[in-house]
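Each chain, letter by letter, is given below.
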Amino acid sequence: MSDALTVVVLLLVAGSATATVAQRDPARQALVLSFLGVLLAALFTVFQAPDVGLSQLAVGSVLTPLLIMLSVRKVRRRARSEEGTE
Amino acid sequence: MSRLRLWLLAVGGAGLAALLAAACLELPGFGGSRHPYGDRAVHASLSRHTANTIASVNFDQRAYDTLGEMSILFAAVLGCVVLLREARDEHRARPEPTDVARPVRRYALLVLPVALVTGLYVIAHGQLSPGGGFQGGVVAATALHLLYLGADYHALERVRPLGVYETTDALAVSSYLALGAAGVLAGTAFLANTLLPYGTFNTLSSGGAVPLLNAAVGMEVASAVVVLLAHFLDQAVEIEEEPGRGTP
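Chains A and B, in that order, give the protein sequences.
One point on numbering: in this note's numbering, the residue at position 9 of the first sequence is 68, and numbering is uninterrupted.
One point on numbering: in this note's numbering, the residue at position 222 of the second sequence is 224, and numbering is uninterrupted.
Hints were generated in silico from the structure; no laboratory data involved.
A couple of the hints might just be wrong.
What the hints assert, rightly or not - Facing chain B, a subset of chain A residues (Cβ under 8 Å, in silico): (1) Ala73; (2) Ser75; (3) Arg83; (4) Pro109; (5) Ser114; (6) Leu122; (7) Leu126; (8) Arg139.
Claimed, not checked - Okay, the calculated bits of chain B under chain A, using three or more residues with CB under 8 Å as the criterion: (9) 135–148; (10) 226–235.
Yeah, the Cβ is synthetic: ideal placement off N, Cα and C, and Gly gets one too.
Chain A with its partners taken away, still in its complex shape (with noise of 0.2 Å):
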């Protein structure tokens, strides 16, 4: 039975992770990372690791995809203003 979690867990990671690598938009990247960081979290939890798996909902489904996403905002931002003056 928990042999057969793992097996789907990890399935679920490796897809979601190369769904990530696939993304070429870096907004949309963030929104695909957050979700593989929730299933990493599932993956962790499986593996009797509650604890890290806290910390990987926190940081990487939460903390890391919100951060690229400010910087994605800025730069596009800064592109957009680039072109009005000129």
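Assemble the complex: chain A is given as a structure, and chain B must be docked to it using the hints.
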């Protein structure tokens, strides 16, 4: 020249592979219920009345490692603050308040207090259940930013006096050091968990210095994440380059 580099890489890689393979051969089997280090860690943690063995490892048996991790976070946030400061050719433009979709506003304002309390709960129960200062700190700090989703940046800035969080960050790191130095002054060792009574097993005050060190890390992480996100948000929302003086 490039051939020499390749050789160097190959030798280094082969050495690393050999060492890793040798180390992996000695590992206990995957998924077993017993582990020599685990047995010892659980024994040490129970003898000091700490219900969550991970917390005991983090804040008692390996408290010195946690000091290192804490310093890494502190230095990283300090570096971001320096890099993301308002430069001479930039100015602040207050963002126009925009309408927030009603479901988003309702959801954010409903979830904010729940997430905040969850974060504080995870910090407070670090020595009892999974979680602790680091996880709870990140949850509490990010929960605060739901206010940016639910209302606007101005509302977030009002509940987030940045100076207070910067001071709290530094104070929390210092208090961790002070708790460690207290052991030295009492004649044992740096960060040794021998000063405080271990208390009743599985209660909030159990574990000696573990809850205090855990709370210090919680404060440090929460304020560090708030400061970090504040500078990213400032750059993304408020700070603009002076027109005509942009980088070429």
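Structure-based check of all given hints:
no.	hint	verdict
1	Ala73	violated (18 Å)
2	Ser75	violated (21 Å)
3	Arg83	violated (21 Å)
4	Pro109	holds (4 Å)
5	Ser114	holds (5 Å)
6	Leu122	holds (6 Å)
7	Leu126	holds (6 Å)
8	Arg139	violated (11 Å)
9	135–148	holds (count 6)
10	226–235	holds (count 5)
Comparing the model with each numbered hint stated earlier shows that hints 1, 2, 3 and 8 do not hold.
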